[in-house]
Amino acid sequence: EAGVVQSPRYKIIEKKQPVAFWCNPISGHNTLYWYLQNLGQGPELLIRYENEEAVDDSQLPKDRFSAERLKGVDSTLKIQPAELGDSAVYLCASSLVDGSPLHFGNGTRLTVT
Amino acid sequence: AQSVTQLGSHVSVSEGALVLLRCNYSSSVPPYLFWYVQYPNQGLQLLLKYTSAATLVKGINGFEAEFKKSETSFHLTKPSAHMSDAAEYFCAVSGYGNKLVFGAGTILRVKS
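Protein chains in written order, with the numbering used here: chain A, 1 to 113; chain B, 114 to 225.
Hints in this document: simulated from the structure, not taken from any laboratory.
Keep in mind that the hints are not guaranteed to be accurate.
As the list claims (entries may be wrong) - Facing chain B, a subset of chain A residues (Cβ under 10 angstroms, in silico):
| no. | residue |
| --- | --- |
| 1 | Q41 |
| 2 | G42 |
| 3 | P43 |
| 4 | R48 |
| 5 | G85 |
| 6 | S87 |
| 7 | A88 |
| 8 | L91 |
| 9 | C92 |
| 10 | L102 |
| 11 | T113 |
Cβ coordinates follow ideal geometry from the N, Cα and C atoms, glycine included.
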């Protein structure tokens, strides 16, 4: 089966610019996650979806970050405007159902200059 | 709430030597525990998981981990290191709702 696909792999933008990341989960996986991984740290959950519903977005900085999962399949994470501190790797993961193992994509490495 | 502490941000072993990566957890509910591996510029891959069945869990690539409730530990071991094991390893814990909390990671270096 195809794994979790993320694009782009790398993105360099200037501060105050908008940026968007895209994720296509494994087919049939109902649960989708966005994680933030800062250099030298473990991933931290930003948002979790069950189908198209965001069931845990408590760690998402809502002043500049937004996410959507239309039709319960693909998902987009957006930052507007980006700040220097947003430079990190953004990981998408999916699981068959809540509680089953997570499958991660290769991530998008964002550099804000 | 759950938390994870990984002792040692860097571990270096010789090829063929024992690998031991330490993980201690804190959880207010019976935990599910995981080890993930991350190779450079890739996502995380599940090595093994503990879900309250056998306390000794065997994973992929010859790794195993033992759940010790009395010590709140879930250390990862491999009897003989291979060059291909060089990567970053993350311990993670979850309670209800599958909210995974990751440790800061341990970079494993394997010397020839």
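Taking the hints in turn, this is what the structure says about them:
no.	hint	verdict
1	Q41	5 angstroms, holds
2	G42	3 angstroms, holds
3	P43	5 angstroms, holds
4	R48	7 angstroms, holds
5	G85	18 angstroms, violated
6	S87	16 angstroms, violated
7	A88	14 angstroms, violated
8	L91	6 angstroms, holds
9	C92	8 angstroms, holds
10	L102	7 angstroms, holds
11	T113	20 angstroms, violated
Checked against the numbered hints above, the structure breaks hints 5, 6, 7, 11 and satisfies the rest.
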